[in-house]
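Asks: The chain contents come next:
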Amino acid sequence: MKHVFSLVLLLVMGGMLWNLIPLGQPTEPGEVASHYIQHGIEENRGANLVTSVIVNYRGFDTLGEVTVLFLSVAGAGFVLRRREGLEPQVARPSSEILQTGARMLFAPLIVFGAYIFVHGHLSPGGGFQGGAVVASAVMLLLLADRDHRLPHGFMSLLESFAGLAFVLVGLAGLLVAGSFLSNQGVLPLGTWNRLFSGGVIPVIYILVGLKVGTELSVLLETMMNSGRPAEHTGGEK
Amino acid sequence: MNNLTPSTLYLATAIALIVVGFAGLLVRRNLLKMVLGFALVDTGIHLLIATLGSSPGKSAPILNTAELAADPGLVVDPVPQALVLTAIVIGLGVTALMLAYVVRLFALKKTLDVSEFGRLKW
Amino acid sequence: MIYLDLLICLVTVLAGVAAMRSQNLVSAAVMVGVVSLMVSYLFLRMGAPDVAMTEAAIGAGLSTLIFLIAIRRTEEEEG
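Those protein sequences? They're chains A, G and S, same order as listed. Read in this note's numbering, the first sequence has 51 at position 51, and its numbers run on one by one without any break. If you count the second sequence from 1, you need to add 237 to reach this note's numbering. If you count the third sequence from 1, you need to add 359 to reach this note's numbering.
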């Protein structure tokens, strides 16, 4: 009986979504998007239009998104606090290949992630992608050495600093040019398609990349190791 | 396949993903399978939004060559791509929070069957 | 080029169905990762390289990792 109900619901949903297909025929971009495309370069000097939209034209939404990500990581950390019932798992030591490979790959991966979020305004990439790559590198380290604990004091300091600096850059835009997170006049815009160009866009994206990278690393470590008593090397859980 | 444009194909795939993910969510009783169904629905919706905002024949919105910078009418609309990028990152956060809840619930009752969790009080 | 797109779309939907029907949780998680990877290729084909990179890094990478960690922590202890 329950399955019949589910089947009917799915057929109705599929039918409603199927009517979206005629809407999917290509159309011209609307008025706001045309403004972003036509004037994106002279206002921002950044080659990557998606980055200019995320950081400058819709910068406030990015601030909200970073907040939501922080909330979800904090919520996961709260739910998995140490209490009885959450038992630690027995950890087997990892193999030789994993340990050697992780040691060799950790530094190039961090450099690669930093490269991605520094060049966010010139080529595809940016803060979120670079942050995900940095978190993968830290995860590799955690997998290779099961007793390794991340320095929580340093991580929380870095993350709070990056978040605070984002808001301060926005306030600087407010003071200098009259609107929050504005790009006119806070930093020199520079010439098109060079690394030091784009005003505050690279600065904001570097901060976002640092914040997302440390947040996702802490999330992965919380999900793997919470509830397990171990000796700490610095900071407290 | 005479009028099968790429947009129609991608839209049909996105709709199929949403329906399959939702079906798994409704039918399965294992909590982890339900979270996997959520992840499939999420991916389907992202594909749907990105396809509705694309147009075939135009190139990516990165103006790093001289001819693209001279005539910006050749690029795809960048606004839906920014929205989908935000949505993917937030989807990861929500999935991680759901999985934290699943781990905690398992530690409480040692079962992953959703029909055991009928009462509101733990 | 449309035949390659057709093949990738078919693999996407079949992997989604396999993920929902499979009895083994680890293979279901890996199938969802395969769906994310194929969808990232489709994003590239429709002219969205930023979104493709994000989906590959987060959907096919970190999301699969988190599922595998959760599966490990909720398996019943044997013995």
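One or more hints might be untrue.
[As the list claims (entries may be wrong)] Computed list of lysine to any residue pairs in SDA-like fashion (alpha-carbon distance at most 25 Å, straight line):
no. : chain 1 : residue 1 : chain 2 : residue 2
1   : A       : 2         : A       : 12
2   : G       : 347       : G       : 334
3   : A       : 2         : G       : 264
4   : A       : 2         : S       : 382
5   : G       : 347       : S       : 434
6   : A       : 2         : G       : 262
7   : A       : 2         : A       : 17
8   : A       : 2         : G       : 275
9   : A       : 2         : A       : 14
10  : G       : 347       : S       : 427
11  : G       : 346       : S       : 434
12  : G       : 346       : G       : 331
No wet-lab data here; the hints were simulated from the structure. These numbers come from a predicted model, not from an experiment.
Asks: Need the status of pair residue 2 (chain A), residue 264 (chain G): alpha-carbon distance at most 25 Å?
Replies: 9 Å, holds
Asks: Assess, step by step, whether the Cα of residue 2 (chain A) is no farther than 25 Å from the Cα of residue 12 (chain A), and give holds or violated.
Replies: 16 Å, holds
Asks: Given the hinted pair residue 2 (chain A) and residue 382 (chain S), is their alpha-carbon gap at most 25 Å?
Replies: 21 Å, holds
Asks: Checking one constraint from the list: CA of residue 347 (chain G) to CA of residue 434 (chain S), max 25 Å. Satisfied?
Replies: 9 Å, holds
Asks: CA of residue 2 (chain A) to CA of residue 14 (chain A), is that 25 Å or under?
Replies: Cα-Cα ~18 Å, so holds.
Asks: Would you check the hint for residue 2 (chain A) and residue 262 (chain G), treating anything up to 25 Å between C-alpha atoms as holding?
Replies: 13 Å, holds
Asks: Hint check: residue 2 (chain A) vs residue 17 (chain A), CA-CA at most 25 Å. Holds or violated?
Replies: 23 Å, holds
Asks: For the pair supplied as a hint, residue 346 (chain G) and residue 434 (chain S), is the alpha-carbon distance within the 25 Å limit?
Replies: 13 Å, holds
Asks: For the pair we were handed, residue 347 (chain G) and residue 427 (chain S), check the Cα-Cα distance against 25 Å.
Replies: 18 Å, holds
Asks: Mind checking the alpha carbons of residue 346 (chain G) and residue 331 (chain G) for me, to see if they're no more than 25 Å apart?
Replies: 23 Å, holds
Asks: Hint check: residue 347 (chain G) vs residue 334 (chain G), CA-CA at most 25 Å. Holds or violated?
Replies: Holds, at roughly 19 Å.
Asks: For the pair we were handed, residue 2 (chain A) and residue 275 (chain G), check the Cα-Cα distance against 25 Å.
Replies: 20 Å, holds
Of the hints listed earlier, there is not a single one the structure fails to meet.
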